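> Sequence:
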Amino acid sequence: QDQESISSISTVNAKEPPRDYTERILTANQGSDQLLMEGDLVVPRTRNAMVCMQGGNSCLWRKDSSGHVVVPYIIEDNRFSPSDRQKIKSALLSFHDLTCVRFVPRGDQEDYISYESWRGCFSTLGRVGGRQTVSLNSAGCILNGIIQHETLHALGFGHEHTRSDRDQYVTMNWSNIDPSDAVNFDKQITNNLDSPYDYSSVMHYGNKAFSINGKETITTIPKPNMPIGQRVSMSDSDILRINELYNC
362 QDQESISSIS
372 TVNAKEPPRD
382 YTERILTANQ
392 GSDQLLMEGD
402 LVVPRTRNAM
412 VCMQGGNSCL
422 WRKDSSGHVV
432 VPYIIEDNRF
442 SPSDRQKIKS
452 ALLSFHDLTC
462 VRFVPRGDQE
472 DYISYESWRG
482 CFSTLGRVGG
492 RQTVSLNSAG
502 CILNGIIQHE
512 TLHALGFGHE
522 HTRSDRDQYV
532 TMNWSNIDPS
542 DAVNFDKQIT
552 NNLDSPYDYS
562 SVMHYGNKAF
572 SINGKETITT
582 IPKPNMPIGQ
592 RVSMSDSDIL
602 RINELYNC
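Numbering follows my numbering, with no gaps: position 34 of the sequence shown is 395.
Because the hints were derived from the structure by calculation, they are not lab data.
No experiment lies behind these values; they were computed from the predicted model shown.
Positions of the beta carbon are idealized from the N, C-alpha and C atoms, including for glycine.
A hint or two may mislead.
For each label pair, taking beta carbons as the anchor points, the in silico distance ranges come out as [as the list claims (entries may be wrong)]:
id, residue 1, residue 2, range
1, N586, S426, 42 to 50 Å
2, G575, D472, 41 to 49 Å
3, D472, M587, 33 to 41 Å
4, G428, I582, 34 to 42 Å
5, N586, N439, 40 to 48 Å
6, M587, D539, 19 to 27 Å
7, E437, K584, 41 to 49 Å
8, N608, D469, 24 to 32 Å
Here are the simulated lysine-lysine pairs, BS3-like style, with alpha carbons at most 25 Å apart [what the hints assert, rightly or not]:
id, residue 1, residue 2
9, K569, K548
10, K548, K576
11, K584, K548
12, K569, K584
All chains should be built: construct the whole structure from the sequences, respecting the hints.
Quick look at the structure:
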């Protein structure tokens, strides 16, 4: 286990040049032996993930007496280089700076996140109990926005394009999506926390996610060329939603 505190880790150079990293996640997850929903969400075997999308309290991490949301974690030392571990810790530290969520090295806590380098970038949705894996393959997932994206899943946040009100903001181009992948674009019943739809959310798919012909699978409306799918860092709305969901 990696017990080093992240309180002194610098966030310098945590951001990468803007681009659509959705395809990077999907490419990294090709060949994964995990049953994945929406490309990078591990399908739970003991709980309905939709409960989490609706804001179920059972999916949330708990607060301590100081009002901080405490999320114990470990980083598998033998799976990551020192540089990889630095980047993971820097991404986690950004939550400390902007929200009441605090990632702490695991002691004897029963529920915790284990960051591991499996085949792909993926996470379960919300707190599931016990050891839960966030996979960040060292060959393609160690980027600030991807680390934040998968960690936000573990905190209970789904993808922006599946929001219950998405039809006012995006159009799904079904002819450009393989029917076997169409389930990844299903609209969900979600708790939107009274927040506006956010094209710049780190949780939004890119406009060609799961495309079978190189054409757009998601088109923004009414303006068709709004940039979506960034994995640089959390947007202002992402941060506000964390603080709203956890009553920071």
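> Are the hints correct? Go through all of them and say.
To see whether the hints hold, each was checked on the structure:
1. N586 / S426: 42 to 50 Å: holds, 49 Å
2. G575 / D472: 41 to 49 Å: holds, 42 Å
3. D472 / M587: 33 to 41 Å: Since D472 and M587 have Cβ atoms about 38 Å apart, the given range 33 to 41 Å holds.
4. G428 / I582: 34 to 42 Å: 40 Å Cβ-Cβ, so the 34 to 42 Å window holds.
5. N586 / N439: 40 to 48 Å: Given a distance of about 45 Å, which is inside 40 to 48 Å, the answer is holds.
6. M587 / D539: 19 to 27 Å: Hint holds: Cβ distance 24 Å, inside 19 to 27 Å.
7. E437 / K584: 41 to 49 Å: For K584 against E437, whose Cβ atoms are near 43 Å apart, the range 41 to 49 Å holds.
8. N608 / D469: 24 to 32 Å: This hint holds: roughly 27 Å between Cβ atoms.
9. K569 / K548: Cα-Cα ~17 Å, so holds.
10. K548 / K576: holds, 21 Å
11. K584 / K548: holds, 21 Å
12. K569 / K584: holds, 16 Å
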